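Protein chains in written order, with our numbering: chain R, 242 to 459; chain G, 242 to 459; chain E, 242 to 459; chain H, 242 to 459; chain C, 242 to 459; chain V, 242 to 459.
A few of these clues could be false.
Since the list gives no way to pick one copy over another, a pair counts as held whenever it fits inside one copy or between any two copies.
With a straight-line Cα cutoff of 20 Å, these simulated DMTMM-like cross-link-like pairs (lysine to aspartate or glutamate) come out [claimed, not checked]:
#	residue 1	residue 2
1	K435	E405
2	K333	D264
3	K333	D416
4	K435	D311
By construction, these hints were calculated from the structure, which means they are not laboratory data.
Since this is a predicted model, take the numbers as computed values, not measurements.
There are 6 protein chains.
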Amino acid sequence: MSSGPIVVINPNSNEAVTSGLDDALAAFRFASGPGIECLTLAEGPFGIESQLHSDQVVVPLVRLVERRPDASAFVIACYSDPGIDACRSIAKVPVFGIQESGMLTALARGDRVGIIAIAEASVARHRRYMRRMGLGDRVVTELPLNMSVDETARGNRTFERLVEVGGQLVGRGADAIVLGCAGMARHRQPLEDKLGVPVIDPTQAAVAMAMGVVLSAG
Amino acid sequence: MSSGPIVVINPNSNEAVTSGLDDALAAFRFASGPGIECLTLAEGPFGIESQLHSDQVVVPLVRLVERRPDASAFVIACYSDPGIDACRSIAKVPVFGIQESGMLTALARGDRVGIIAIAEASVARHRRYMRRMGLGDRVVTELPLNMSVDETARGNRTFERLVEVGGQLVGRGADAIVLGCAGMARHRQPLEDKLGVPVIDPTQAAVAMAMGVVLSAG
Amino acid sequence: MSSGPIVVINPNSNEAVTSGLDDALAAFRFASGPGIECLTLAEGPFGIESQLHSDQVVVPLVRLVERRPDASAFVIACYSDPGIDACRSIAKVPVFGIQESGMLTALARGDRVGIIAIAEASVARHRRYMRRMGLGDRVVTELPLNMSVDETARGNRTFERLVEVGGQLVGRGADAIVLGCAGMARHRQPLEDKLGVPVIDPTQAAVAMAMGVVLSAG
Amino acid sequence: MSSGPIVVINPNSNEAVTSGLDDALAAFRFASGPGIECLTLAEGPFGIESQLHSDQVVVPLVRLVERRPDASAFVIACYSDPGIDACRSIAKVPVFGIQESGMLTALARGDRVGIIAIAEASVARHRRYMRRMGLGDRVVTELPLNMSVDETARGNRTFERLVEVGGQLVGRGADAIVLGCAGMARHRQPLEDKLGVPVIDPTQAAVAMAMGVVLSAG
Amino acid sequence: MSSGPIVVINPNSNEAVTSGLDDALAAFRFASGPGIECLTLAEGPFGIESQLHSDQVVVPLVRLVERRPDASAFVIACYSDPGIDACRSIAKVPVFGIQESGMLTALARGDRVGIIAIAEASVARHRRYMRRMGLGDRVVTELPLNMSVDETARGNRTFERLVEVGGQLVGRGADAIVLGCAGMARHRQPLEDKLGVPVIDPTQAAVAMAMGVVLSAG
Amino acid sequence: MSSGPIVVINPNSNEAVTSGLDDALAAFRFASGPGIECLTLAEGPFGIESQLHSDQVVVPLVRLVERRPDASAFVIACYSDPGIDACRSIAKVPVFGIQESGMLTALARGDRVGIIAIAEASVARHRRYMRRMGLGDRVVTELPLNMSVDETARGNRTFERLVEVGGQLVGRGADAIVLGCAGMARHRQPLEDKLGVPVIDPTQAAVAMAMGVVLSAG
C-alpha cells in the first residue's frame, strides 16, 4: 500500500468548502502520521444540490483519482458519495464515501441513526443509497434543514435549525445523529453537547477509517 | 470528552495476547496523538472459547471500565464483544467492540463480507450478533479454522489455514474478509496479499474508529 | 428427555415475584402432568432494572441450571432473557426465555405485535434482542409504563397505565400485545377484555412451550 | 373464553390421519385438563397434495368452525394452514395453524430452522407462507422427501428418508427441524435421537400453544 | 403461447363492476392487438368485502380458468388477488393478480408506495400479502377510505375522499399511489393531477403486464 | 401526458444493438397505438461494459431526454439502468430502466428470480442495484455467461451458454429468469421453451410498462 497522503476530494468547486474540510481535519494530522490533502474538483459545480450535479462530477472525479497514483486512500467529501463505484473500480487503493463512512460509524455509536440533510431534495436520493447499503432496519429517518448550502455556510440560524431538526430525530428514537453534509463539522461538538447523543461528522468518520487502513498497512 | 488514552482491554488473562495487541497497534501511536493503552483483564479466563467464558467476564469488564474515568474511549478486544452493552450503559465515553467495528469497517471495503472464525463453536454466537446488528444482507458467511486459540497463536499452519478458509469465502462471493479473532493482526497484510481482497483486523478497525471520535472532539 | 419438573427461575431475589409466578402458573399444573417448580435466584438483585443487573445474573443462573440435572426444561422468567445463551450452552434440556416465547406466541395470535415495557430504559435492550430474533417486520413498537417495578407490583394505578399504553399500541396498529415483564400475569385477562385484542403473558407462553416439549417426549 | 375442548381438525377425509393425530396428542390429555377432540373434515379430499386441494377445503372448514361454538380453540392440522385467515375472521376463539405454530416453536429451539416436506410441490407454497410470516432470515431451507403421503403413511422407508433429508438440513446449518406434515409425529423422537437436534411435530406445537391460551384464561 | 384473448375476470357478480373494467381498458384495445375480454364470475358474491368472500371464489375461479384454454393470459381483477396461487397451479398461461401487478408497477414509478383501500377490514389482509411479496421496505402504508364498495361506486364524495387519503399518504412520504380496488380507474387521472404523484390503477397495470407477455411471444 | 412516442434509448453507440431493439419491439407497435422510437446515444461507448462506461453516459442521456419534450415515456435500454435517477429528475414523463422493469415483471411470473449476466464484472453492480430496489428476498442469484458483448451478438455458442447458465439458475431454485442484457430478445422464446420457466426480456418488460402508462392516460 502506498505511503502517500490520504486525498480528500471536495467534488464541488467552492474553495471555501475545501478549506472548511481542512479545518475539520486539522486534529487528524500528526508529524509522523499519514498526510491528509484536501483538493477541490475544479470541474465541479459550485454546490452539489441535485441528482444531475452528483452525476456530472463522476468522470472528472475518476480523472482526478487517476492523476494521483501516489495517494494511499481517497475520500470523496460530498454526502451523496458521487462516483464512489467508478472511483473504486479504477483506484488501486481504498476509496471512502462520506455518507457510507458516516452511517457505518454512527452504527457503532447508537442503535438507531437519524440524519440531518440540508435540503428536502436529497432525502430520497440518500434513502435509496441507504437501502442499497442494507442498513434500513437501523435508520430512524432523515430530515432536512430546508436551507440552501449557501445559507448553512453563512447563516447564524444554522445551528438553531440543527438543534431543532436534531431534536426531532431524537424525539423519534434516534440515539446517534449523522450530519448529512460535508460542511458542518464546526457544529458537531456543540450539537452533540446540546442534544446529548453522539453526533457524527461524516468526513471525520471517513478520514478515521482511511487512517485505519493506512496505519494497518504499516 | 476526556483527553486520556484509548484503553484497549483484552478480556482474557493471557498476557501474550495483550502484547500481540500492543504490536498490532504500534503504528497507531503518535508523539502528539491520543495514547493507546492495552490492558489484560486479570479476572478473565486464559482464552474466551465458550458462551460462558464470554458472559463471565462482563462484570469484571464493567469494574475495569469504572476504574478508568480518565479514558477517552474503550475498545473491548475479544471478537465476541463481551459486555459491550453493559460497558456502554455505565461508561461516559464511547465503547467499541471489535466484532462490531470490524464488520462495519469491512462494509466500507467490500460489498459482501466473509468472516474467519477460530472455532466452529463461535460461529452461531457471532451469527446471532450480526443479525442483531441488522447486517445480514451483506454477510456471505463465517467459516471456522477449526483450530484452538493456542494452536493459532503458535502454529505455523495457521497462515496456511487462513489462506484455505479465506479462499473458500472469496469463492462464495466475499470481497472483504474480517479476521474473527483479536490475535491475528500479524497475518492481515500477508493474507490480503494472498487473497487479493481487503482483509480487516478488527482491533485495528476499532482503534481507528476510537481515534476518529477522540480527534473529532478536538 | 427427563421426566422431571419444568423449572421456572426468577432471576431476581424478590420472593414476592416468584410467588406471583406460582400463582400465574396454577392452572398449568395437573395431577398427572409435568411438575412446575418456581425458584428464586438467591444471588440476583432485588429487581432486574438495568443492563448490568441482567448481565450479573448469568453466571449464577448457569450454576443453578447445573444443580438441576433432573429438570425436563428450564424457563428463565425475566423479560430480558438473561443468560439464555449460556444456559442453553450447558443444559441438556430445552431452555426457554420469556421474551422469546412471549413474542413467538404473540405472532400466532396477531399480525403485528406491540409490547408494554415497565421502564423506558429496557426498550432499547429489548429492541436489539428482537432484531436478533429476526422479527422486526412484525413488531409495531414497545412502549414503557414508566413506572418502577415496585410501583407496578403494588400500585392500583398499574392497570390504568396498562390500559393507556396498550390502547396506544392498538392505535398504532398492534393486534396482539405482550406484557414485557414477568410479574403482570394477573392483569392479562382484564387487559385483554378491555383492549379487545389478545394479551400474552410471557411466562405462561414459555411454560406452554415447555409443556409441549415435555409432553411430546411422551 | 370457552371452557370447551380444543378442536383439532384434519382437513382431509382420511380417518387414519385423524386417528394418528389422536395418538400424537395422547400425552396432552389430562383428567382435569382441557379436552382435545380430533375431527375429520368429511368434505376434504383424501389427501391435501395441491394448491387447489388446500383452497377447496376453506369454506367447509369455516362451516365446521361455525358449528362448534363450544370450542375453546381450533387447530387446523394440515401443514399448508388452509383457511387459517378465513377461520380466524369468523371464530370467537384462537385458531392455530400447524405450520405457523411449528415454525414459531422451532425458533425457540434453534437458531436456524430446516423443514422436511413430503413432496417437492408444496415447498414453494410453504416458502411463500413463511415469507408472509416474516421469518425468512432464520429459515435454512425446506427439502422434500419426494414420497407420496400414502407411501409415508405405510412405508418402512419413511424413517430412512427422514434421516437422510434431515441430515442434509443439519449439514446446511439447521439446528432445529420441523416435520412439514401432520402425520409424522411417531417419527419425532427417533429422528431427534438420530439427528441430535430438536425435531418439532407441528401438531403437538400447535396444541401446546392452544393449551397455553386455554389455561391462561384460567 | 396462445394467441387468444387476455381474459380479465371480475370475481364478484356485480356486472356494473365488469362494465367499469371494460371502460378502463378501452384504450388497451387495438385492431391488430390481443383481445381483452372482461368476464363476471357468476358464482361470486355481489362484492368481495371479507376474507371469506375472497376464499369462496377460488374454486369457481379455477373452474372458469379451466373453461378458457383459448386465453393467452388471465387477470384476476379483485385487489385481494383471490385464487392467484390456485389459478397459476392449473393454468398453462400467465395469471396476473391486480394487487401484485399494481404494486410492482408502482415500484417503477416511485420510491415509496402508498395504497388507498376501500375499507379498513382489508388493510391487514393486504399487508400480509405484501409481506409475502417481500416488498415491505418500500411500502409507506395503506389507508382506507372507510366507505362501502357501493358508496364508492355511486357517491360523489368518493373523489373527495381519495384526495384526502391520497394526500395523507403523500404527507407520510409516498411518491406513488396505488388504487387498492378494481373499480376506481375513472379517478386515476384526476387524482394524479390533484396529488402531483403517479397514481396506478391496478387493473390497467396488470393488463399492461399481460400484453407484454403476449406481445413478447410474438 | 404527452401523446408522443415512447422513446427507447440505447446508451451505447452500437447501431446494431439499436436495430436489435427495434426488432424485439416490432410486435408492440400498432397502427393506432403509441409510437415506439429506438435511438442510439451517439456519445456512448461502443458497449457498456464497466462502471465507468455506465457513469459516463449519464450526462449525454440527460441531454437527449431534454431534447425530446414530445416523448410520452422513456426507456433506458441498458441493463445497468445508467442515469435513471438523473433522467427521472429532469423528465416530465415516466422513465423506465430495463433492469428495474425486468426484475419487477419477473416477480409477477415466478416466486424466485434468477438473472443471466453477460460478464462477471457486472454482477456486483447489479446486486447493489437490486439491494437498493429492496427485492433481495426474492432473488436467487445472478450468474454470468462470461462472454464479451461482441461474442454474444455474433456467436452461435450464445444460446448454448444461455441454456447452461439458465439451467444452473433453475437448479438453484429460480422459477423465472431475466435476461440481464438489452440484446438477447431473440433468445427469449427459445430459452423459455428449453428451460420450462418464464424468461423475461427486460426491454420488452419496460416497454410494456411504458405502454401501460401511456394507455392509462387515455
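Hint check, failures only:
Hints 2, 4 not satisfied by this model.
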